[in-house]
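Protein chains: 4
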Amino acid sequence: MQIDFNCDMGESFGPYSFGADEELMRYITSANVAGGFHAGDPHVMRKTVALAKEHGVAVGIHNGYRDLVGFGRVEMSVTPEEVHDELIYQLGALREFARYYDMEVQHVKPHASLYMTAARDEEISRAIIEAIQKVDPDLVIYCMRASATYEVAKKMDQPVATEFFADRDYNDEGQIVFTRKVTDELDPEEVGDRVVRGLTEGKVTTVNGNDIDIPSDSVCVHSDTPGAATLAEAIVRKLGENDIEVRPLGRAEQRVGSRE
Amino acid sequence: MQIDFNCDMGESFGPYSFGADEELMRYITSANVAGGFHAGDPHVMRKTVALAKEHGVAVGIHNGYRDLVGFGRVEMSVTPEEVHDELIYQLGALREFARYYDMEVQHVKPHASLYMTAARDEEISRAIIEAIQKVDPDLVIYCMRASATYEVAKKMDQPVATEFFADRDYNDEGQIVFTRKVTDELDPEEVGDRVVRGLTEGKVTTVNGNDIDIPSDSVCVHSDTPGAATLAEAIVRKLGENDIEVRPLGRAEQRVGSRE
Amino acid sequence: MQIDFNCDMGESFGPYSFGADEELMRYITSANVAGGFHAGDPHVMRKTVALAKEHGVAVGIHNGYRDLVGFGRVEMSVTPEEVHDELIYQLGALREFARYYDMEVQHVKPHASLYMTAARDEEISRAIIEAIQKVDPDLVIYCMRASATYEVAKKMDQPVATEFFADRDYNDEGQIVFTRKVTDELDPEEVGDRVVRGLTEGKVTTVNGNDIDIPSDSVCVHSDTPGAATLAEAIVRKLGENDIEVRPLGRAEQRVGSRE
Amino acid sequence: MQIDFNCDMGESFGPYSFGADEELMRYITSANVAGGFHAGDPHVMRKTVALAKEHGVAVGIHNGYRDLVGFGRVEMSVTPEEVHDELIYQLGALREFARYYDMEVQHVKPHASLYMTAARDEEISRAIIEAIQKVDPDLVIYCMRASATYEVAKKMDQPVATEFFADRDYNDEGQIVFTRKVTDELDPEEVGDRVVRGLTEGKVTTVNGNDIDIPSDSVCVHSDTPGAATLAEAIVRKLGENDIEVRPLGRAEQRVGSRE
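Protein sequence lines correspond, in order, to chains A, X, L and C. Per the working numbering, the very first residue in the first sequence carries number 27; after that it's consecutive. Per the working numbering, the very first residue in the second sequence carries number 27; after that it's consecutive. Per the working numbering, the very first residue in the third sequence carries number 27; after that it's consecutive. Per the working numbering, the very first residue in the fourth sequence carries number 27; after that it's consecutive.
Wrong hints could be hidden among the right ones.
Identical copies look the same in the list; a pair holds intra-copy or inter-copy alike.
Said to hold, decoys possible - When the alpha-carbon atoms are kept at most 30 angstroms apart in a straight line, the in silico DSSO-like pairs for lysine-lysine are as follows:
1. Lys181 <-> Lys73
2. Lys160 <-> Lys180
3. Lys229 <-> Lys181
4. Lys264 <-> Lys79
5. Lys229 <-> Lys180
6. Lys181 <-> Lys160
7. Lys264 <-> Lys229
8. Lys79 <-> Lys160
9. Lys264 <-> Lys181
Please keep in mind that the hints were generated in silico from the structure rather than gathered at the bench. In this text, all values refer to a predicted model and were calculated from it rather than measured experimentally.
In isolation and in its complexed conformation, chain A is listed as follows (with noise of 0.2 angstroms):
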């Protein structure tokens, strides 16, 4: 059995430090790089690539709303159009630091309240994948399973990778819920365990207490979470236990086909 492990990375801004990266690549293997529009700068970025392919990591965009200040967790009702154009800028970028060191692109994960916000608006979900399709539709796209942007994703044929939130809670519908807000910590050792029922029953207990399905091609955690390299060693060393490899995706071309 085999799994993907993804993190937020290159969230670091000119002379602000953000996110233990150096540590995380460790245990992960994919990469959401920050595109510059909710955090991240060009010479982050570079960085950032250089690490991941030191690591063996794998990369996606991590397109994220305009919005340094609110490190783009603010909703904002831009259209479909500007989401759809401000992915293809950011995808760009990215693209030319990998072709910089001689990698390629993965996947894209829209970041914070973009996620969110693709995840209940068909419309935005559209026109990612849209995007997506137009420059290079071997993307894998990151998403809830319980989403629109799934939905959308499989209607429109497009390589999809559900994710299990290690560090996030669940309701009963599936979704996690999202904070602008850091969370509390957490113990290292729950998480690995509920992340290997995760995958090993496809289960999680949401925040009401009932047992729902996850289906899961990747786990994330998110670098700000408080200890997130402690979690992510926890989780990585319990999977291993339970002879989960860990390893990328990789592009729909080369990928061996999702947990469904």
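Chain A is already provided as a structure; the job is to place chains X, L and C on it using the hints.
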């Protein structure tokens, strides 16, 4: 005889319109597309590439300093490494829109203060050309003949296009006099004659009244020069009257050789 | 009978010119000066305050969301606390330029999406008015009569000016229909008559053809409505023909009382 | 004997934390509050002013170039007029938060590259001081004794505070060696002794080993110098041991006169 005709394009931003792109695109053969740092945004970039395609105009990245309020005309002591990384970022963004419209990127032309800084600073020029050679060695770099950029490009075997500025004054060293202000209205017939003479005789008269050699691969008009479209019309008309064909340079692999 | 006439001003930015400020300033009595978040910059702000002074026009802060590319027209889920802090910042900037030219700040008018959000959100309205009451309780807050902003202002005893939008359609609830697009060209005579009727009869006809009450302290025209200066001229001329004097509201301590 | 102790504060931005403001505020007497152009945002500015008030620390505007990614450390050929307007804008923003907390603004201290540019450029210094004299002549301008800013301030009768930089090297001309990089860790005891000597003897040893005169009204430590809070503690302790009282300068009308 042939000549390329380039112009800065895509410098609108959000609600703000800038330059007579639609009119100018009818006359030029190479569009320097603003990269989003000194001007432009993703939506404007896409529209500009689409417009270029419609008119058979080649596109290149017009990479500027990160200075929106100063329109990239402020000199900035940005390090060579930052210039290098910011070029890759902006170039990638443009390349993705080119890919979107099934086009190729033809060239790199630094904008305003960055152009002038590179012209006198070998290190900055080298940073730009190293970035190009790493990601796409067939890109042509635009510069003045009398510049460090030209010298470094020659030394590094990078395809180069030297420019004849139709709407700027020259000093005796063959450099244009850079200005942060919009220039005065120019007489289209005079400008056209000046260009024709520059190409047929290879000479231009400087601000001091001297004639200097000005070997050129491309004519440039700035989109914010008052009456830019009228100037462009006059230039193309006069070039035609003198049997000089206006056409894009092409990427390095397609070029028939520069005029030198 | 008297009425105030307000217009958004100072929305140029760096190299980008926006709105016919010089022409409009001849007709209006209150200028809503862009605070630099959705539009405007320090240089533009100073020039705008100078122009207002020259024409005897009162100034107020036009505070918008931090959204330059969307011109503050994008809805943003910014917290009340952030709206509060961003208002104080922008208000202070304007007050310093007013001080520079020996003027006072008269009013606060939130811009575009922030105006519309406040109109339906008590918490956002309260955050705005709390900021005002903390730093300068004599500032007048501009809003629609049919808005949460009006209700909260009344509850908090904050001086308020209700607006009649000359260039926007009304729904039956007395709210304007907000648009991110530039409106169509309007007939100046019709607009002038509509304003005169709005002030003399206190009525406006909605998009559904119904007449509703529209008690107003100030008329508003948007500077980017096509032909705004022509509309403004017609409005002022028709008001004059109907013996309605156009003059600034004044700060709370100078006001003769709102029309209600 | 008395001395002021100033430090850059409020340089966090949105999600990005910067500097040990809370610890440092316990030692310093004057806070240079980032104006939002090189760092800081409205929320951070309000929190910083509140923190200063809580600790009885005076506030001044720390106005920088509009260069977030370069943290105001990039040299920019911004015109004197723009520097003038941008100072007024940032100063007004700070003054409004001071008003919010019933405080006064004490001083102006340009940041990083703007500070160094002003130090060698009379025109920029004059633009800054003209702005101050127009809006609030009692503001104290901080500068190096060996600077154009000092000379211009004296010529224009502007109250000035000369600085002793505890964490920077001096050249023989009495100017600090500016760096875009973070400095190495310094020994707190040595730094404290250096400050005490600077104040009691009025001397500092330069990078060339020479002793020069360094008359000072205020000691400065940079908040991003490694171990800044430890340095600050050592400085205040050693000053106390030498009977030098640390207290704010006060605005011009409250000052007992500079040390010269």
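Hints, one by one, checked against the model:
Only between protomers do Lys181 and Lys73 lie at most 30 angstroms apart by alpha-carbon distance; the minimum there is 28 angstroms, versus 36 angstroms within a single protomer. For the homomeric pair Lys160 and Lys180, the shortest alpha-carbon distance inside one copy (17 angstroms) is at most 30 angstroms, but the shortest distance between copies (37 angstroms) is not. Taking CA atoms no more than 30 angstroms apart as the test, Lys229 paired with Lys181 passes inside one copy only; the shortest distance there is 25 angstroms, against 51 angstroms between copies. For a Cα distance limit of 30 angstroms, the shortest separation of Lys264 from Lys79 inside one copy, 25 angstroms, qualifies, whereas the shortest one across copies, 50 angstroms, does not.
With identical chains, the CA atoms of Lys229 and Lys180 are at most 30 angstroms apart within one copy only, with a shortest distance of 22 angstroms there and 53 angstroms across copies. Proximity of Lys181 and Lys160 under a CA criterion of 30 angstroms is satisfied intra-copy only: 16 angstroms inside one chain copy versus 39 angstroms between copies. When the C-alpha separation of Lys264 and Lys229 is checked against a cutoff of 30 angstroms, the pair qualifies only within one copy, where the shortest distance is 16 angstroms, while the shortest distance between copies is 62 angstroms. In the homo-oligomer, the alpha carbons of Lys79 and Lys160 lie at most 30 angstroms apart both inside one protomer (26 angstroms) and across protomers (16 angstroms), since each shortest distance falls under that limit.
Taking CA atoms no more than 30 angstroms apart as the test, Lys264 paired with Lys181 passes in neither setting, with 35 angstroms inside one copy and 56 angstroms between copies.
Consistency note: the structure conflicts with earlier hint 9 alone.
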